[in-house]
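*Asks:* Make the full structure from the sequences, and use the hints.
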Amino acid sequence: MSYVLSLLILVPLLGSGATFVLSSLGGGRKTAPYLAAAFAGATLVVAGYAFFWAYSHTPALGTYALMEDHQWITLPGFGVDIMLGLDGLSAPLVLASGIVAVLSILSSRTLIDKEEPAYYALLLLVLASVMGAFTSLNLVVFYLFWELTLIPMFFLIGIWGGDRRKYAALKFIIFTFAGSAVMLLGFLALYFGVSLSTFDIPELANLGIPVGLQYLPLLAVFVGCAVELPVFPFHSWQPDAYEQAPAPVNSLLSGILPKFAGYAVIRIALGLFPQAAYQYAWAFIVVAVFSMFYGAVVALLQSDLKRMFAYTSISHMGFVLFGAFATVLSGNPLGIEGAILLMFTHALATSSVFTISGFVEKQSGTRKIPLLGGMGQRVPLMAALLAVASSAEMGIPPFASFLAELMVVSGGISAYAWTAVTVLVPVITGGYFLWMLKRVIIDPLPSAADPGRAVEDVSRVDATVVALYLVPLVLLTVFSFLILSPAAPVAQWTANLVHGGLHA
Amino acid sequence: MADYILFAVVALSAAALGVPFLQYAGRRGNLPGYLLVAALLVALASTILNATSGSTSSAPFGSLLASDSLGNLFAILTLFVTLFVAAASLTLVPSGKSSNTPFYYSLLSFAALGMLLISYSADLLMLFVSWELMSIPTYALAGFQKDREESNEAAVKYAVLGALSSAIILYAISLTYGLTGTTNIAAAAASLGSQLTDPVAGLAVLLFIVGFGFKMSIVPFHMWAPDAYEGAPTPIAALFAAGTKKAGFVAAIRVVLAISTVYSLTPQGGLFTIPNVLAVLAIATMTLGNLAALTQKSVTRLLAYSSIAQAGYILIGFVVYSYGQGNPAFAQQAELGMTGALFHIINHSVMKGAAFLGAGLVILKLGSGSVEAFNGLGRRMPVTAFAMAISFLALAGVPPLSGFWSKLLLFTSVLNTPYAWLAVAGVLNSALSMGYYGWVIKRMYLDEPDGEASRVLEPTSFVLVLGVLVALIIAFGLFPGPVISLSRDAVPALGGP
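As they're listed, the protein sequences go chains E and X. Residue numbers 1 to 504, in the numbering used here, belong to the letters of the first sequence in order. Residue numbers 1 to 497, in the numbering used here, belong to the letters of the second sequence in order.
Hints may contain errors.
[Unchecked claim] For lysine-lysine, the following PhoX-like pairs were computed, each having C-alpha atoms within a straight-line distance of at most 25 Å: (1) X:Lys297 / X:Lys365; (2) E:Lys30 / E:Lys114; (3) E:Lys30 / E:Lys362; (4) E:Lys438 / E:Lys362; (5) E:Lys368 / E:Lys171; (6) X:Lys442 / E:Lys166; (7) E:Lys114 / E:Lys166; (8) E:Lys166 / X:Lys297; (9) X:Lys365 / X:Lys442; (10) X:Lys442 / E:Lys114; (11) E:Lys114 / E:Lys438; (12) X:Lys157 / X:Lys146; (13) X:Lys297 / E:Lys171; (14) X:Lys297 / X:Lys442; (15) E:Lys171 / X:Lys442.
Treat the hints as calculated values from the structure; they're not laboratory data.
*Replies:* Next comes the structure, spelled out in structure tokens:
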């Protein structure tokens, strides 16, 4: 048994405690970011190793690499074990989490200026839980790690956030806790429902859950995911939380946490309940497509940079849901492959735009688009970064986000031809991003807008941090096989569940 | 050997009867408290010895007491609760020259003795006597701060309703005796099972549920609880939530669930069955408790309603168990459900203990138990705030804390029975409860203190008590295996005694 995945969880977990204790003991301000960066860096190294292992030893259909199985509760009549494994679905997400965590900590250096020891400890705690959620193959343990990100996130938003941080934090925790609790109900229903009482995903998948037992758990899992993604009408917490969270926390909150839901949709909703998902795929596709348009149109109306990015995120997460269910319906693996690639690119692209919005706010004192202006002349580096990151976010080549959206839409068309209309979503997104860039960078500063005057440009170090988010996206356009080749068996396996006659 | 139980009884009786003499010797300080703590440690040690000796003999009390694993579980639990209540009282109850601490600790000792004997009772009359031994001292304890109006009101309200519930239990006992000719619980249950056709048997079971329901503070028999919890000295509120309430549960397990082989309360069967009645009580209790808790402005009242809501979750296990009594196909679920109920009873004692004692220290130090007093508590009283935050998260069922696992067992057990909607209600209620738990946590950590913001001293002995409770919450969460298997061993065999 390998211990790579345990290491992936334990390094940031122990790092969280060590960072808090060591930096509380001496020189909190100075040492905390570097200690945290070191632990996150070590996590990234492990994540990179795990990713390339999963890439070079791509597990066969329906199996996992680097499997671990630790007994936790073994009693007659009840058992939970910590089963960890990696495949083409989780490996990219693990890698993205590692990258985002390191860069988020580096950007926190300039953007966070109070109670550093606790801040970095909580950030690493989130990282540990994120890694746990993406690698665990036991439903209860998956839920446990999912929940475990919410509590530190509550404090990260509530203590270090903007003016309305307390309201946003409370709303965040109530919504996400309720959603995930409903999801847990779906998991628990399986335990006595199947002949073999177990919570292990591979065993449940091999066993094949009776179709009659699939519907309500599918609905429960979908509700949990719909809150976390989020999908209209479960999204009301999200713009507030994204807006109020400090920018580096946004990287994890908007870059990584929604991927839990995307991951759970593919791994659990489709992997365990394929027949029910197939029957109702049309409904989920309608919800997804609506969400894509809804997010884009509402983003168009926002005057706050972060709220605009937040609604863009709703729109992009709709793509993930769309691609996943399109594959189930049509049997064409393109949808899920695109969704996996999109989750990776979205994690980095969204993190980059949110991080810049943090720098914009720090230098200008506002994020309101109408109050900003003339950045191109005053702060050219910041303007350039904003423009480049926005291109990545709206999905313009050479950024791989373009490729991902293309794959999802093509996959979708093979399910329903009418979904070709979703091609318009990237067009709308491109439209409002360019409009925003015009107002913020090119237009002169509005006369009444002293607060919108950026005083100083971003430092070279901070600019490098943002650029580092974007480099993998450019590389991926060329080397997309790094993600797509391990993703292919996962997509194929999921498609086979209904269309390959494996369990049908 | 049941002799071990005798040690416990003697130690507690000695403390209960001996400590008041200190009043006349002029020793009104904390000495009585230390003596009680010592007596409780002796009692706790002897019950643990009794549990580990694996004895199931009932000598020397004839058929009055049964030394089984269910009894051991509750005896250890209630003694442990009284122990931390007594230890915390050393800080929270004023021990000046004019105080009556000897009587306070003596009453506490009587209550502990009552709870101990309830846990082991195998006879209805023994159960009733122990019940009164537990209840009557707590009426006085609720009104212990005799110059506080709320304390007096709490005591009167509690005493009147408590006496009513005792009367109801006594009536149920008399009906049972009339029907079966015995007061032995096992014999009475078996005999009632053969009297399906007699509606009086159903009435007796209902009256037992009502009578015990008062102590368990299940809706609609909960009215006394918020007032009593708020008016009583806070460590006594902790005793109500973590101790006497659990005595109500063990009595219900011993009597009501043993009889639930009867299954149907009316001759015709139909809707009026024990699991159905319990299920309605469960959903009413958890929903009303949580909704009421959302609107509270005082933290002790909030905790009182949260305690009511938690009783609703525990009842889920009772529903599954009594359903399994009548439907052998669901035996596995029934066992898991009762395991979950017992585990949640243990967890609830620890979680609520930490929460109430923390609130007690805040009231003592800041002079107010309103939610505003908790603003910025994370800075002012870091240990207390941390202990309360952990216990709140555990009460809400956040993993990996203790409350998560017991709720998980309860919900899992009920999901594939006809009562699956109870799991849905339970999960939605857990989410709802985050509304008030998160609200108080927000006040403690996100809000700034109103007015004075200085650090408040937290006594070391008290920090120790809170530390033990928090450590248990986390340990039960990370390593739930041993406690779950203890709870499982204590589940009474299905199919009646």
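*Asks:* When you check the alpha-carbon spacing of E:Lys114 and E:Lys438, does it fall within 25 Å?
*Replies:* violated, 34 Å
*Asks:* Check whether the Cα positions of E:Lys368 and E:Lys171 lie no farther apart than 25 Å.
*Replies:* holds, 23 Å
*Asks:* Between the alpha carbons of X:Lys442 and E:Lys114, is the straight-line distance 25 Å or under?
*Replies:* holds, 18 Å
*Asks:* Within a Cα-Cα threshold of 25 Å, do X:Lys442 and E:Lys166 meet the stated pairing?
*Replies:* holds, 7 Å
*Asks:* Please verify whether X:Lys297 and X:Lys365 have alpha carbons no more than 25 Å apart.
*Replies:* holds, 19 Å
*Asks:* Compare the distance between the alpha carbons of E:Lys166 and X:Lys297 with 25 Å, and conclude whether the hinted pair is satisfied.
*Replies:* holds, 19 Å
*Asks:* Could you grab the alpha-carbon distance between E:Lys114 and E:Lys166 and see if it respects the 25 Å cut-off?
*Replies:* holds, 16 Å
*Asks:* Under the criterion that the straight-line Cα-Cα distance not exceed 25 Å, is the pair X:Lys297, X:Lys442 satisfied?
*Replies:* Holds, at about 14 Å.
*Asks:* Just to be careful, I want the Cα atoms of E:Lys171 and X:Lys442 compared with a cutoff of 25 Å; is the pair within it?
*Replies:* The given pair, whose Cα atoms are some 11 Å apart, holds under the 25 Å limit.
*Asks:* Quickly compare the C-alpha distance for E:Lys30 and E:Lys114 to 25 Å and report which way the hint goes.
*Replies:* holds, 11 Å
*Asks:* Could you grab the alpha-carbon distance between E:Lys438 and E:Lys362 and see if it respects the 25 Å cut-off?
*Replies:* Status holds; Cα separation ~21 Å.
*Asks:* Given the hint that X:Lys297 pairs with E:Lys171, does the C-alpha gap stay at or below 25 Å?
*Replies:* Within the cut-off at roughly 20 Å; holds.
In the structure shown, a violation is registered for the earlier hint numbered 11 alone.
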